[in-house]
Amino acid sequence: MRLMVGVLLIALLGGLFWWGMRRDASALPSQLAQAQEPAPDFALPTLKPYQAEWGETLTLSELVGPKPIVLNFWASWCPPCRRESPMLEAAWRRYRNRVLFLGINFQDGDEAARAFIREFGLTFPSGADPRGRVGVDYGVYGLPETFFINSEGRVLARHVGELSASQLEGYLRQLLR
Amino acid sequence: MSLRRPALLGWMLAIGLLVGLAFAQNSSPPPDLSSRVYDIARELRCPVCQGESAAESNADISVEMRRIIAEQLAQGKSEAQIKAYFVQRYGDWILYDPPRHGATLWIWLSPLLGLGLLGWVLWRYQSRLRQRAQMASAEVPEEEIQRLEAELEGPKPNTDR
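Protein chains in written order, with this note's numbering: chain W, 10 to 186; chain Y, 196 to 356.
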């Protein structure tokens, strides 16, 4: 009986240790995604390359509705963003009839951002958030971060860090359901 | 050469001044922020740093957080309202002094619980020891005690030798 209790206790503590070691201590739950809250609205100046097609300001509340939105925070100074961008662009080209991809250029310089867009040939529109005010509104703490917003304008999910193609597929399925 | 030296010195001075100016602009807080802004920022985490408050950090996001605090103070918002603004976006995690309710209550209570558990285990161990000692002395037969006492008095002188 005592042996049983001992073994159980050690297994419990071992399990707790294992769980603690495996979890990312820096990961934060998204307040928005947890309660599926309405995505905070923003009106940001559209980056130059997209102004002809999208106008001078990108306003979320004007874009919500017809299609669900994939909102990606990126910056030219963020290495994982460089790895993620080609995959995002490919997904945008495949899904553009059903999903709107929006970029938010977070705390970046205009020149650097445009060089980044040229380098990866990004065709989904991005707005500039040089001070990061919109980032604070979304609780951003590490780039890249991607928010999945449904047609009602609610945040269904948030992904921190680089997205893989299969992860993005999973989120898009959730969004298009 | 001697003619050039003042020019070189002048250049060095100018560059030094520029570099100094650049550093001063990067590291010193914007002059228009009041100490109240820093008092509030000190109780909020910098979201992108490890173990730094929004007051100490010079990360762009902390600079923006201080700007938001200053703006909200100017709008007449209270400290609690400003903190609530950040909690709404980042959760209780953003506070250096998390509230004592819900899941965080366990963190506050766990040292007390641990101390209580330790006391209980020690008390049980003690009482078991005492019980065993009493039982042991009750179980020893009378003649055994007599023999032991005799042995303690020392060996009897051997008359055979």
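Be aware that a few hints might be false.
Under the rule of at most 25 Å between Cα atoms (straight-line distance), these lysine to any residue pairs were calculated in the SDA-like manner [to be verified]: (1) 278/Y with 142/W; (2) 272/Y with 301/Y; (3) 278/Y with 76/W; (4) 278/Y with 106/W; (5) 76/W with 106/W; (6) 57/W with 18/W; (7) 278/Y with 57/W; (8) 278/Y with 42/W; (9) 278/Y with 50/W; (10) 272/Y with 146/W; (11) 57/W with 127/W; (12) 278/Y with 47/W; (13) 272/Y with 151/W; (14) 57/W with 272/Y; (15) 272/Y with 127/W; (16) 278/Y with 46/W; (17) 278/Y with 127/W; (18) 272/Y with 76/W; (19) 272/Y with 40/W; (20) 278/Y with 36/W; (21) 278/Y with 139/W; (22) 278/Y with 40/W; (23) 272/Y with 173/W; (24) 272/Y with 99/W.
Quick list of the computed label-pair ranges, beta carbon to beta carbon [to be verified]: (25) 17/W with 229/Y: 40 to 46 Å; (26) 19/W with 347/Y: 44 to 50 Å; (27) 349/Y with 20/W: 52 to 58 Å; (28) 105/W with 271/Y: 43 to 49 Å; (29) 17/W with 310/Y: 22 to 28 Å; (30) 308/Y with 14/W: 54 to 60 Å; (31) 65/W with 253/Y: 41 to 47 Å.
Worth flagging that the hints you see were computed from the coordinates, not collected in a lab. Note that this is a predicted model, so its numbers are computed, not measured. For glycine and all other residues, C-beta sits at the position ideal for the given N, C-alpha and C.
### Query
So which of the earlier hints does this model not fit?
2, 3, 4, 6, 7, 13, 14, 15, 17, 18, 23, 24, 25, 30, 31
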